[in-house]
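For the record, the sequence lines run as chains A and B. Residue numbering for the first sequence follows our numbering, beginning at 1 and increasing consecutively. Residue numbering for the second sequence follows our numbering, beginning at 1001 and increasing consecutively.
Hints are not guaranteed to be accurate.
Only pairs whose alpha carbons sit at most 30 Å apart, straight line, appear in this in silico DSS-like list of lysine-lysine [what the hints assert, rightly or not]:
1) B:K1102 / A:K427
2) B:K1012 / A:K506
3) A:K347 / B:K1075
4) A:K321 / A:K347
5) B:K1075 / A:K231
6) B:K1012 / A:K283
7) B:K1075 / A:K375
8) A:K171 / A:K347
9) A:K165 / A:K302
10) B:K1148 / A:K427
11) A:K9 / A:K165
12) A:K375 / B:K1102
13) B:K1148 / A:K9
14) B:K1148 / A:K443
15) A:K131 / A:K283
16) A:K375 / B:K1012
17) A:K347 / B:K1149
Calculated directly from the structure, the hints in this document are not laboratory data. Quantities reported herein were computed from a predicted structural model and do not represent experimental measurements.
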Amino acid sequence: MSIKIFVSKDSTALSLGADQVAEVIAKEAQARKLDIQIVRNSSRGLFWLETLVEVETVRGRIGFGPINPNDVNSLFDADFIKGGKHPLALGLVSEIDWLKKQERLTFARMGITEPTSIDQYIEHDGFQGLKNALNLNPQAIVQTVTDSGLRGRGGAAFPTGIKWKTVLDTKATQKYIVCNADEGDSGTYSDRMIMEGDPFVLIEGMIIAGLAVGASQGYIYLRSEYPHALKTLNEAIEKAKSAGYLGDDILKSGHAFHLEVRRAAGAYICGEETSLLESLEGKRGLVRFKPPLPAIEGLFGKPTAVNNVISLATIPIILAKGAKYYQDFGMGRSRGTLPIQLAGNLKRTGLVEKAFGVTLRELLYDFGGGSLSGKPIKAVQVGGPLGAYLPESQFDTPLDYEKFSEIWAILGHGGIVAFDETVNMAKMARYAFDFCAIESCGKCTPCRVGSTRGVEVMDHIIAGKDVEKHATLIRDLSDTMFNGSLCALGGMTPYPVLSALNHFPKDFGVDVKETKA
Amino acid sequence: MEDLVLNPQDYKIINRHILQYQSMPGALLPLLHAIQDDLGFVPEIAYPLISSALSLSVAEVHGVVTFYHHFRSHKPGRHILQVCRAESCQAMGSEMLELHIKEHLNIDFHETTSDGAITLEPIYCLGNCACSPAVMIDEEVYGRVDNKKIDQLISDLKRAS
C-alpha cells in the first residue's frame, strides 16, 4: 500500500511554495521508485512551519517543516517516509506543543481532512449538527444557539441567537441567510482558512441557520482577494448538492436550502453588514441607516440573518455537542473559543484557537515566540485596522470582549498584528486615517471628510509643525468621527489613532495625558 | 487611445454574459466580474449595453464600477501585481518593498509599465498575514517577499510576456 504524504493547499502554504514542494516530492519518489500518495489537505495553521510535510505512520502523522523544494532530496535521503531522522523533523504533529495547547472546536478538522471530500467530512463528525437540527423545531435551534453564548465573530460580538430570533419572529414569505466572508481586516485569515480548508462546516452552519430562521436561500459574500476560497467553496457546494444536503428537499426533510457564492469587489466597507447587502443587490456599497435592522428588512427588503464565517462555522459543533459543551469554554460573557490569528512581526505566526481568557502575552510570547526580528515588541494592534494599538503594559489583558472594552480596545475578528520597536506610531495613526479615507463609502461627512482632514493634520504632526495644537485637533476630530459617523469605519478609526497617541505620545512629539474620545 | 466602439469579439463576450446574468437578483456585480474576468477590465463604452440590459442608468453602472477597487475601466497590463499595504505587511517592511517595486518598475500605483507587461496596484490585505509581506500576481499570492524575491518574480513575468 502506498504511503500517504500530506502537503497543504491553503493559500498561505501555496504562497511559500507548497505546490513546488509537492511536485518535487512526487518526482523524487518516482525517480526512487517509491510508492507514495500525495494528499493535498487543509493547513493546521502552523504557518511558521509551512510548507509542512506530513507522513502517515502507524503512530500517527509525523511532520517535517518548514520545507523548501531544495530540502526534498535530503528528506528522501533520510528515508523520511519511514520516519527517518532529519534536522527538520518535528515528530508527531498532533504532539507539537503549539497545537496541543489549543482548544480546537471550530477548527477541529483543520489540517487533517481534504477540503472538498464530503466523505472525510462525514467521517470526522461532519453533518452531526445538521442531523440534530433536523429533529428540532426552529425555536429550539435558536434557543440552543442562544444558550451556547455564541457572539458574532465578525467583530461586533452581538449574540447570534438573539439576531436569529429576530429573523425567526419576523413573518415573511422569503428570508435570507447571508454569510459575511468579506474578511478585510489586516491580520486576519481565519475565514479564509475555513473556506479553503473546511468548506462543508460553513455550508452545514448555513443550512442550520436556514432551518432556524426559516430561510431557503443563502449567499456567501466572498472577498475578491480570495480566489482559492472561491474555487473550493463552489466545488464543495456542488458536492453538497449532489449528496442531497442542498436543494429543494435537504436530506428528504421537506426543507429547502439553496446556496450561492457572490464575489465582492475589493471594498473594505462592504464588510459592514448593510453596505454588504447593498452590494449583494448590485449597488454601490453605501451604508444604510439603521433601523430598520437587516434582521427585519435586509436583503431585497426581506428579513436577513447576516453572520460572519466563523460564527456560522461554529454552529455545527454547537448543534452536535450541545449548548453546554460550547458554553463551558471561555470567561465572563465571552463564551466558547476564539480563532486567534497571529500576524505581523512574530516568530511563530498562525492560527491559535483558544477559549476566551488567554492573555495577549501568552499569545505573543508562548505561542508567537516574540518578534521575528528579535527586537522588543513595541505595540500590537488587535482587531484589524479599526482596532486599538496596545503597549506592553497592556499585554496581560485576557482575551475577553468586556476586558478589552475596559481598556478602550476591541477584539474584533481576533487578528493580532505585532510591531517591533522600529515602528513609528504617528505614521500608523496617519495610516489609519488614510485607510479610512480610501475605504470610506462617502455617505456621512465625519468619515468622508474627517478621514482626509486627519491625514492632513497628521502630516503636520509628523513634520513637527505646531505639534501640541495639532494633537488637540486630532482629539477633536476623533471625537467628531467617533460620535458622528454612520458606521464603524469612521466611528472606530479613532481607536487606532487615539490609542497610538495616548500610549506612544513620544512618537508624536507631544507629552499628553491619557484621554478618550 | 481608448476605442470608441466595442470590437465585435468583446461585444459578443459581453452580450453572452448579459444573457447569462440579467435575470439573476442583484446581477450587476456578478456580470461585471464575468466581463472583467474575460477582458481584464470593464470598458466604459459597454456601460450603455449593461445599463439597458439591467434597467439601470449609465450613471448607476459607472457609479458601481468606480466604487469598487477591484473593477477597472481601462485595459491593464498583461499581468497585475498587487502589493499589500495593510498593517501586518507594514510590520514586516512592506513600505520599503513598495518603494523598491515602484523604483524597479519605474511606475506608481495604478500605472502600467511602458512595455505593457505589468500594472501595479495597491491592495489592503490578502489574508496572508502570517507570512508578511505579501503580494499577489494574477491571483497567486506570494508570502515573505523581499527585494530579491520580487525581482525574481518580476523578471519571470517579463520573460513570460
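Against the structure, the hints come out as follows:
Only pairs whose Cα atoms come within 30 Å are accepted, and K1102 (chain B) paired with K427 (chain A) is accepted, the gap being roughly 20 Å. Restraint check for K1012 (chain B) and K506 (chain A): the C-alpha separation of about 61 Å exceeds 30 Å, so the hint is violated. Between the alpha carbons of K347 (chain A) and K1075 (chain B) the distance comes to roughly 41 Å, so the proposed pair goes past 30 Å and is violated. Pair hint K321 (chain A) plus K347 (chain A) does not hold up; C-alpha atoms about 35 Å apart against a cutoff of 30 Å.
Straight-line distance between C-alpha atoms of K1075 (chain B) and K231 (chain A) comes to about 25 Å, which keeps the hinted pair within the 30 Å bound. For the proposed pair K1012 (chain B) and K283 (chain A), the alpha carbon gap of about 25 Å is at most 30 Å, so the pair holds. Distance check on the hinted pair: K1075 (chain B) and K375 (chain A) sit about 44 Å apart at the alpha-carbon level, beyond 30 Å; violated. A distance of roughly 52 Å separates the Cα atoms of K171 (chain A) and K347 (chain A); the hinted pair therefore is violated under the 30 Å criterion.
Of the supplied pair hints, the one linking K165 (chain A) and K302 (chain A) holds, its CA atoms being roughly 15 Å apart against a limit of 30 Å. At roughly 26 Å between alpha-carbon atoms, K1148 (chain B) and K427 (chain A) fall within 30 Å of each other, so this suggested pair holds. In summary, the hint linking K9 (chain A) to K165 (chain A) is not supported, as the alpha carbons are separated by about 38 Å, beyond the 30 Å threshold. For the proposed pair K375 (chain A) and K1102 (chain B), the alpha carbon gap of about 28 Å is at most 30 Å, so the pair holds.
For the suggested pair K1148 (chain B) and K9 (chain A), the alpha carbons sit about 25 Å apart, so the restraint of at most 30 Å is met. Of the pairs offered as hints, the one joining K1148 (chain B) and K443 (chain A) is violated, with about 43 Å between alpha carbons and a cut-off of 30 Å exceeded. Restraint check for K131 (chain A) and K283 (chain A): not satisfied, since their Cα atoms lie roughly 37 Å apart, outside the 30 Å limit. Our distance criterion of 30 Å between C-alpha atoms is broken by K375 (chain A) and K1012 (chain B), whose separation comes to about 58 Å.
Between K347 (chain A) and K1149 (chain B) the alpha-carbon distance is near 20 Å, which keeps this suggested pair within the 30 Å criterion.
Consistency with the previously given hints fails for numbers 2, 3, 4, 7, 8, 11, 14, 15, 16, ordered from lowest to highest.
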